[in-house]
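Asks: Here are the chains, one letter per residue:
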Amino acid sequence: MNAAVELAGSRTTAKKVVTLDEAVVEIMSDSGEGAQKCGQSFGSIAARMGNGVWTVEIIPAEIQPPARSVAGASGNRIRIGSKRVTNGGDEADLAIAFNEQVLLGRVNAGELKPDCIILLESVWAESPDPKIVAQYVETRDRLLAEGYRLHEVPMENECRKLVADPRKGKNMFVLGMLCNLYSLDMDLAREQIAFIFGKKAEKVIRSNVALLEAGFAWAEHNLAFGFRVPAVRATEPQLVINGNTAIALGVLASGMDICAMYPITPATSASHYLSDVFERAGGIVHQAEDEIAACAFAIGASYTGKVAVTITSGPGYSLKQEGIGLAVMAEIPLVVVDVQRGGPSTGQPTKSEQSDLLTVMFGSHGDAPKVVMAASTIEDCFYSMITARRIAETFNMVVVVLSDASLATAQQPFPRPQFSDDWLAPPIDQNPVPEGAKPYDWDPVTGMSRRFVPGQPNGMHTLTGLAHDRSSRVAYDPEINEQGMHARSLKLAALQKMLTPPRVFGDGEGDLLVVGWGSTKGAIEESVERLRAEGHKVSSLHLSFLQPMPAGIKEILQRFKRVITIEANWSDLPEDPLIDETNRRYSALAMLLRARYLVDVDCWSEVRGRPIKPGSICEVLRKRLVREEFRP
Amino acid sequence: MSTVSACLHHLVEEHPALEDYQGGVPRWCKGCGDNAILAALQRLCRDEGLRPEKTVFVSGIGCSSRLPHYMRTYGFHGIHGRALPIAEGIKLARPDLHVFVNTGDGDCCSIGAAHWIHAIRYNMNITVLLHDNHIYGLTKKQASPTSPIGTKSNTTPRGSYLDAMSPLTVTLGVQNASFVAQAVDWIPETLFQIVTAAFRHHGFSFVRILQRCPEFVGNMFEPWVHDPQRMLMLTHQNGVKVSPALQKIYRNQIEHDPADINRAREIASSEDPIPVGILYRNPQVPCYEDLRRAGMLRTTDTIRTSLEAELDKFTVWP
Numbered sequence: 001m002n003a004a005v006e007l008a009g010s011r012t013t014a015k016k017v018v019t020l021d022e023a024v025v026e027i028m029s030d031s032g033e034g035a036q037k038c039g040q041s042f043g044s045i046a047a048r049m050g051n052g053v054w055t056v057e058i059i060p061a062e063i064q065p066p067a068r069s070v071a072g073a074s075g076n077r078i079r080i081g082s083k084r085v086t087n088g089g090d091e092a093d094l095a096i097a098f099n100e101q102v103l104l105g106r107v108n109a110g111e112l113k114p115d116c117i118i119l120l121e122s123v124w125a126e127s128p129d130p131k132i133v134a135q136y137v138e139t140r141d142r143l144l145a146e147g148y149r150l151h152e153v154p155m156e157n158e159c160r161k162l163v164a165d166p167r168k169g170k171n172m173f174v175l176g177m178l179c180n181l182y183s184l185d186m187d188l189a190r191e192q193i194a195f196i197f198g199k200k201a202e203k204v205i206r207s208n209v210a211l212l213e214a215g216f217a218w219a220e221h222n223l224a225f226g227f228r229v230p231a232v233r234a235t236e237p238q239l240v241i242n243g244n245t246a247i248a249l250g251v252l253a254s255g256m257d258i259c260a261m262y263p264i265t266p267a268t269s270a271s272h273y274l275s276d277v278f279e280r281a282g283g284i285v286h287q288a289e290d291e292i293a294a295c296a297f298a299i300g301a302s303y304t305g306k307v308a309v310t311i312t313s314g315p316g317y318s319l320k321q322e323g324i325g326l327a328v329m330a331e332i333p334l335v336v337v338d339v340q341r342g343g344p345s346t347g348q349p350t351k352s353e354q355s356d357l358l359t360v361m362f363g364s365h366g367d368a369p370k371v372v373m374a375a376s377t378i379e380d381c382f383y384s385m386i387t388a389r390r391i392a393e394t395f396n397m398v399v400v401v402l403s404d405a406s407l408a409t410a411q412q413p414f415p416r417p418q419f420s421d422d423w424l425a426p427p428i429d430q431n432p433v434p435e436g437a438k439p440y441d442w443d444p445v446t447g448m449s450r451r452f453v454p455g456q457p458n459g460m461h462t463l464t465g466l467a468h469d470r471s472s473r474v475a476y477d478p479e480i481n482e483q484g485m486h487a488r489s490l491k492l493a494a495l496q497k498m499l500t501p502p503r504v505f506g507d508g509e510g511d512l513l514v515v516g517w518g519s520t521k522g523a524i525e526e527s528v529e530r531l532r533a534e535g536h537k538v539s540s541l542h543l544s545f546l547q548p549m550p551a552g553i554k555e556i557l558q559r560f561k562r563v564i565t566i567e568a569n570w571s572d573l574p575e576d577p578l579i580d581e582t583n584r585r586y587s588a589l590a591m592l593l594r595a596r597y598l599v600d601v602d603c604w605s606e607v608r609g610r611p612i613k614p615g616s617i618c619e620v621l622r623k624r625l626v627r628e629e630f631r632p
Numbered sequence: 001m002s003t004v005s006a007c008l009h010h011l012v013e014e015h016p017a018l019e020d021y022q023g024g025v026p027r028w029c030k031g032c033g034d035n036a037i038l039a040a041l042q043r044l045c046r047d048e049g050l051r052p053e054k055t056v057f058v059s060g061i062g063c064s065s066r067l068p069h070y071m072r073t074y075g076f077h078g079i080h081g082r083a084l085p086i087a088e089g090i091k092l093a094r095p096d097l098h099v100f101v102n103t104g105d106g107d108c109c110s111i112g113a114a115h116w117i118h119a120i121r122y123n124m125n126i127t128v129l130l131h132d133n134h135i136y137g138l139t140k141k142q143a144s145p146t147s148p149i150g151t152k153s154n155t156t157p158r159g160s161y162l163d164a165m166s167p168l169t170v171t172l173g174v175q176n177a178s179f180v181a182q183a184v185d186w187i188p189e190t191l192f193q194i195v196t197a198a199f200r201h202h203g204f205s206f207v208r209i210l211q212r213c214p215e216f217v218g219n220m221f222e223p224w225v226h227d228p229q230r231m232l233m234l235t236h237q238n239g240v241k242v243s244p245a246l247q248k249i250y251r252n253q254i255e256h257d258p259a260d261i262n263r264a265r266e267i268a269s270s271e272d273p274i275p276v277g278i279l280y281r282n283p284q285v286p287c288y289e290d291l292r293r294a295g296m297l298r299t300t301d302t303i304r305t306s307l308e309a310e311l312d313k314f315t316v317w318p
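These protein sequence lines are chains G and Y, in that order. The first sequence begins at 1 in my numbering and counts up one residue at a time. The second sequence begins at 1 in my numbering and counts up one residue at a time.
For the record, the hints were derived by calculation from the structure and aren't laboratory data. Predicted, not measured: the structure shown is a model, and the values here were computed from it. Beta carbons are placed, not taken as given, at the ideal position from N, Cα and C, and that holds for glycine. Wrong hints could be hidden among the right ones.
[To be verified] With the Cβ distance kept under 8 Å, some of the chain Y side facing chain G (calculated, not the full set):
| id | residue |
| --- | --- |
| 1 | Glu19 |
| 2 | Val25 |
| 3 | Thr73 |
| 4 | Pro148 |
| 5 | Ile149 |
| 6 | Ser306 |
| 7 | Phe314 |
[Unchecked claim] Covered, in the sense of this in silico footprint (three residues per stretch, anywhere, with C-beta under 8 Å from a C-beta of chain Y), are these stretches of chain G:
| id | region |
| --- | --- |
| 8 | 73-85 |
| 9 | 227-239 |
| 10 | 247-257 |
| 11 | 285-293 |
| 12 | 416-427 |
| 13 | 530-541 |
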């Protein structure tokens, strides 16, 4: 047996605890074995201790993938740090796997560091099925040969000493091991278990705490290493939720009354959560018969006074487009959330991508100007909903909020929001409309008009998706068609005047500016930090408003020698033999920046379905910086 | 004086006239059956004393769907096939509004068919008028799902291939159907009676109105228009009462209790004679908005309290 393999039960004497700035841990099991619960608990405990935390769910595409399959890995990646953590980080430092097959999936995907510590359930070596034993031995030996620091852990056998069905409690045993390995506070861990199983019997909590303690003890006695990621206790309360929960809470906090949706991955969990909590606050989640109906339903509800929201992902967004065009044309405020996934078509439903940007900006036939925002952090997911509602209502516009699969399932602590009354929508105006007022009395400068809602005496008019005049009468006159088009477009300019210019991360000028939007913010800024520490003159700019884009961007772009966007949507590779300047398809934001600001913007993108790693970005940027003139 | 009772008195005293519900001048073709439907609805609004600002006519796309423009109430001329989900959103958000839907055989039974099926099931308190002329009019004569087999149109120059769909049997086949009636544009008195009963029904009232399109299928209903014996009048004390004057013309009558769904399905299957009257009514079917809004209370305080309670669940305290 290889020297690196610990013998089960053998006692190590002195435990060496190494202090780290940060650590990336992955926990994987078959679906339903509880690795996710374990990972999230690990993150929560670390967050309570004051560590920066980012957790990412590892989700198989199937509900019940076959046991012990490479594609069936279900679990969590948890990155903890001494400082604030803004993304899932690079390759994992430590991986725990409930079987060798789910581990293989992550190894093959390049998710583990070359010398990653692996704690592998060893029960498979004793399987009565010789095929399983062979698979286990083969994988174990391969990983050892490749240099991974693999430790076999008799998880199941240890758990069996405490519970009848060890498969059910293994995850808490693993949590205990992690608490030991990362020097987490066991009292907090016990509290965490009480919190998770709060609804269940005291007996369940006791049994899980026993497993936790057994895991801790086993690691204490059998693993000679340990780590400590020092933490500074937060001084204010922090919220630990994922992006979809943040969207749902944002809907609640924005005072919107109605959410109409149709189930779609990865957006649906926002509506699940909202369904659970909304009604207690008098709101309603309507599960419509399809995406089109969900959009139309939300439009109908919005039309009567209070902005409604519809939450979806790419394919659903495609279906909603005609309805969105109606809302644009009739100037009915509406909030649409698109939790992006891999596309086109069914694409990669559970994986992350940023490939809907151009669709949401330019989609729906005809000229249909709408506001597009992109949440870039979990906290942003929450506040974006409040902002979106307010913009929709102020400008009678459709506001699309983009999130994506990586934000949807990632968790990061952020300061607990302080409720404010002005987050909420005002009551519906039911006062009579002044005599002579028109439903589309477009302001010549801003394009804005007052909206008449049903119930307002004197406001009766028929709203229509046809071109219409100020009185909402169908326009047969070419001039009137232009007037409406003009007004609807002007509203974006009016909003733009209200936006604060974006802030550059790093110096305001330099050799290279990295521009991004959405969930890549943390990874981009971390890469910029690393490269600046190496002496490079790199900064970044992250856009929350994609349409309209705030003022001041062109000036920022011009202060850098080169500009590049980093995005998770496809862009042609300049090195491909057929690709040149005249046919290269740029990433979405790069294309927009080039078109709008006449600045030469390069791009680099990755569509691997996973969050872009800061290490990958650093590598790309270093290559771009190697050019003689930019060498620091 | 502006005391509450004075205001209430004012409300009671208000008697809107037909003109108060008349909007733009209809631009339908000469002899179009939609005019009869418009007249019936304007009369309904007046006779029921519906406040124009509390009334919304929602439509999709097609000749039928121009109707809201000709009303002086709130109107929502939406997109093709989606009138029903729009109307549902309106009703769920604002149950205080009277919501009507004007839709056609293309709008409802073809592009909007999925919404139609589910609207029946939601059973929201909405009055739906299906203007069924068996043809696409606004797009200039294409076969619709209700075109009788053999209908010659621009897309079926040698005659349509499939048997017509029956909107009545479809509606009666869906769970939670609560009001199904049929009227024809050429018997305005009965049309008015039926839309009134539909409006008064608390639930999803579906009225299929056979409507003539003289422009594209001028002869479609001629045999029935000219032979009153080919009309089957459904009468019942809980249904429509045929006036003595009409009784003389439409002598082909049967007693039909609208509570009897099996008989309703049988009658609905008859294409000739054309049944006219209330086929089915069940006031006991719960309305979606009543289910969803029960006990709904929404104030700044309820929102704050529930938000704080949720935040508590996820807060890590220092």
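Asks: All hints are to be evaluated individually against the structure, with a verdict given for each.
Replies: Here's how the hints hold up against the structure:
no., hint, result
1, Glu19, "violated, 13 Å"
2, Val25, "violated, 11 Å"
3, Thr73, "holds, 6 Å"
4, Pro148, "violated, 29 Å"
5, Ile149, "violated, 29 Å"
6, Ser306, "holds, 4 Å"
7, Phe314, "holds, 5 Å"
8, 73-85, "violated (count 0)"
9, 227-239, "holds (count 7)"
10, 247-257, "holds (count 5)"
11, 285-293, "holds (count 6)"
12, 416-427, "holds (count 5)"
13, 530-541, "violated (count 0)"
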